[in-house]
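Visitor: Spelled out, the chains give:
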Amino acid sequence: MYGFAMVRGLLVTLKNLTKKPFTIQYPEQRVKQHPRFRGEEFVWYEERCTGCASCAKYCPLGIIKIVTSPSGTAIKQGDKYKLEVFDIELQRCMFCGLCVEACPYDALFMGSGFEQGQYSRENMFISIDQLRQSQKHPSTWFRPQLEEAEYKPGDGRPLGWRDVGREKWRWHQREKAGMRLNLTAADESISDTLDIKPDSRV
Amino acid sequence: MFPSQCEDTILRDNPLFRFIYDYASSLLPCWMSYVLAGVTIMLILINAVLLGAAVVSWMERRLLGRFQNRIGPNRWGPFGLLQPIADLFKLITKEDLIPAGADRIAFTLVPIIMVAALILMAAVIPFAKDTSLVDLNVGVLYLLAISSLTSIALFTAGWASDNRYALFGTARSVAVLISYEVPVVLSLLGVVMIVGSMSLSSIVEFQSVPFIVVQPLAFFVFLAGMSAELNRTPFDLAEAESEIIAGYHTEYSGIKFALIQAAEFGGVLVVSALIATLFLGGWAGPWEDYLGWAWFMGKTLLIVAIFSWIRATFPRLRIDQIMAFSWKVMLPLSLINLAATTVEVYLLKSGGITTLELWIMAIINLVLAGVCLPVFGRLMKDKVRKSNPSGVSQSLRDDPTG
Chain A
0 MYGFAMVRGL LVTLKNLTKK PFTIQYPEQR VKQHPRFRGE EFVWYEERCT GCASCAKYCP
60 LGIIKIVTSP SGTAIKQGDK YKLEVFDIEL QRCMFCGLCV EACPYDALFM GSGFEQGQYS
120 RENMFISIDQ LRQSQKHPST WFRPQLEEAE YKPGDGRPLG WRDVGREKWR WHQREKAGMR
180 LNLTAADESI SDTLDIKPDS RV
Chain B
0 MFPSQCEDTI LRDNPLFRFI YDYASSLLPC WMSYVLAGVT IMLILINAVL LGAAVVSWME
60 RRLLGRFQNR IGPNRWGPFG LLQPIADLFK LITKEDLIPA GADRIAFTLV PIIMVAALIL
120 MAAVIPFAKD TSLVDLNVGV LYLLAISSLT SIALFTAGWA SDNRYALFGT ARSVAVLISY
180 EVPVVLSLLG VVMIVGSMSL SSIVEFQSVP FIVVQPLAFF VFLAGMSAEL NRTPFDLAEA
240 ESEIIAGYHT EYSGIKFALI QAAEFGGVLV VSALIATLFL GGWAGPWEDY LGWAWFMGKT
300 LLIVAIFSWI RATFPRLRID QIMAFSWKVM LPLSLINLAA TTVEVYLLKS GGITTLELWI
360 MAIINLVLAG VCLPVFGRLM KDKVRKSNPS GVSQSLRDDP TG
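Residue numbers (numbering that gives the first Met the number 0), protein chains in the order written: chain A, 0 to 201; chain B, 0 to 401.
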């Protein structure tokens with residue numbers, strides 16, 4: 000009956016008064032974020048990056064700009080390049096993650112942040128300095144090794160460059176141009192087992 | 000206290016006015032003390048109504064939030080209480096636009112008329128014993144007359160805005176307002192007939208039994224009719240956001256928009272106060288000499304909450320449904336109520352109606368309402384929602400090309 004249906008409708012809204020509100024008060028409370036969330040703070044490990052620019056080539060929008068210069072010390076080793084520019088134009092990025100898929104050395108990861116809003120479009124890019132300083136909370140998107148390790152970027156535990164690879168990439172133990180890798184004793188022992196000694200290719 | 004040398008005025012019923020008037024008249028000439036006392040109580044009333052509008056807007060938004068499983072505004076001030084102030088400052092700092100083709104004078108007058116009508120309505124409502132600004136002996140008639148002023152303001156707004164959406168909203172709202180005026184007036188006739196007076200304070204004093212039980216049909220009709228007059232859901236098609244942007248106030252911005260919003264929320268407050276006075280016993284209650292204001296405020300806010308509840312629940316009706324509801328349900332209901340009340344008053348009124356007789360009337364009218372509301376609901380079902388299982392409208396089924 001029409002009148003009783005109206006009363007039933009009123010009861011529906013009245014019942015909501017007894018329920019807990021659905022709202023999550025964003026800056027104070029946060030939704031639990033999936034580990035595979037593709038955030039905008041790209042996580043980049045300079046120690047792992049060879050400057051091959053696969054990410055730049057695979058980017059469908061062409062917004063990644065990489066400039067490498069062969070460095071004086073690294074060129075002897077044959078496989079190291081020093082990166083001078085690594086810009087990501089976030090204003091046009093659509094977070095497809097193809098750059099991360101393309102990276103052969105597990106050096107680039109999607110981040111877990113989403114609060115890089117700026118007042119001007121000109122500021123919406125990530126430079127190499129920001130990449131160096133960014134929080135190392137890599138998303139597990141397209142990185143099965145992180146998922147198997149059950150890494151949760153939301154926990155706030157940063158990951159170092161040694162922990163994120165698919166296997167022990169042995170060339171990382173070498174000195175990269177202009178960088179101190181601070182090798183530990185364990186790393187030294189790995190480099191001892193290398194088939195080819197670092198200097199043997201010169 | 001102070002012997003008054005000045006002549007008695009209609010405002011002297013108000014104790015605050017009397018105090019200031021009599022005190023000032025010992026120092027000042029009569030006309031100056033009259034102006035001083037009058038302006039003082041007017042300022043109190045205007046500020047009370049506008050602040051009350053702010054409180055109502057906050058309360059309504061919080062309540063709507065809770066009814067919809069949200070929180071509502073809670074960022075600015077404790078529980079978001081300062082949100083109306085923030086809204087006001089935002090609106091004041093906005094540019095005050097007037098369309099090029101608008102009638103500037105009429106366009107500017109509209110918010111003023113709306114707020115003025117609101118404050119004029121609040122002038123006769125007794126907030127506690129002897130505290131109405133003026134206790135008119137034709138209070139109910141005055142209120143009905145003043146509440147119709149708003150429709151003139153709406154019509155002016157639609158015409159002066161030079162905007163088709165505004166004109167649409169105006170045409171709709173005027174149609175609604177005209178058809179709802181009749182049942183509202185008829186529903187109040189029952190109350191006036193029982194009391195035998197149109198003065199609001201005597202109506203309050205008469206209610207040894209609240210009129211919501213003595214006149215349930217009148218309460219229903221008055222509540223529905225007033226929410227139609229206030230352009231509130233489910234009768235808010237005059238400013239239907241999803242259809243015609245904002246209706247009559249499409250072109251308003253800045254301080255004018257703030258005034259229109261204040262008038263709308265203040266309208267809710269004043270109408271709630273009116274319903275509390277007419278049907279819930281106003282300031283009557285235990286310790287009414289001291290806590291009358293608290294009773295009045297509590298009852299008013301209860302009605303405001305009911306208005307919010309209705310707004311949170313019902314979807315907007317179409318114009319034909321609203322007209323059908325007005326002329327086919329509310330008008331007959333108010334006529335039935337009027338006829339029943341007439342007979343009861345004729346039979347029972349022999350030297351004043353006692354509390355017992357009020358209870359007898361209440362039982363008869365409650366039974367009548369219990370019969371009439373479902374019957375009219377049944378009739379309304381066939382009018383409003385035709386059985387149409389396919390979900391395709393009749394005209395489309397007849398003419399596929401249409």
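There may be inaccurate statements among the hints.
[Stated by the list, open to error] Examples of chain A residues lying across from chain B (beta carbon under 8 Å, computed):
1. L9
2. T12
3. N15
4. L16
5. T22
6. R29
7. A101
8. P103
9. Y104
[What the hints assert, rightly or not] Covered stretches of chain B, as calculated for chain A (at least 3 residues, CB under 8 Å):
10. 14–26
11. 301–315
In case anyone wonders, no lab produced these hints; they're calculated from the structure.
Cβ coordinates follow ideal geometry from the N, Cα and C atoms, glycine included.
Visitor: Are the hints correct? Go through all of them and say.
Guide: Going down the list of hints, with the structure as the test:
About 5 Å separates the beta-carbon of L9/A from the nearest beta-carbon of chain B, less than 8 Å, and the hint is met. A distance limit of 8 Å between C-beta atoms decides the matter here; for T12/A the minimum to chain B is near 5 Å, and the interface restraint holds. A least Cβ separation of about 5 Å between N15/A and chain B falls short of the 8 Å threshold, and the interface hint therefore holds. The interface hint given for L16/A is met, as the beta carbon of that residue sits about 5 Å from the closest beta carbon of chain B, less than 8 Å.
Interface restraint check: T22/A against chain B, minimum CB-CB distance 5 Å, threshold 8 Å, status holds. Because the smallest distance between the Cβ of R29/A and any Cβ of chain B comes to about 16 Å, over 8 Å, the interface hint for this residue is violated. For A101/A, the shortest C-beta to C-beta distance to chain B is roughly 43 Å, which exceeds 8 Å, and the interface hint is violated. A cut of 8 Å between beta carbons decides the hint on P103/A: the least distance to chain B is about 48 Å, and the hint is violated.
The restraint placing Y104/A at the interface with chain B is violated, with a minimum CB-CB distance near 46 Å, outside the 8 Å limit. Residues of the stretch 14–26 of chain B with a Cβ under 8 Å from some Cβ of chain A number 0, which does not satisfy the need for three, so the listed coverage is violated. Look at the stretch 301–315 of chain B against chain A: 5 of its residues bring a Cβ nearer than 8 Å to a Cβ of that chain, three or more, so the hint holds.
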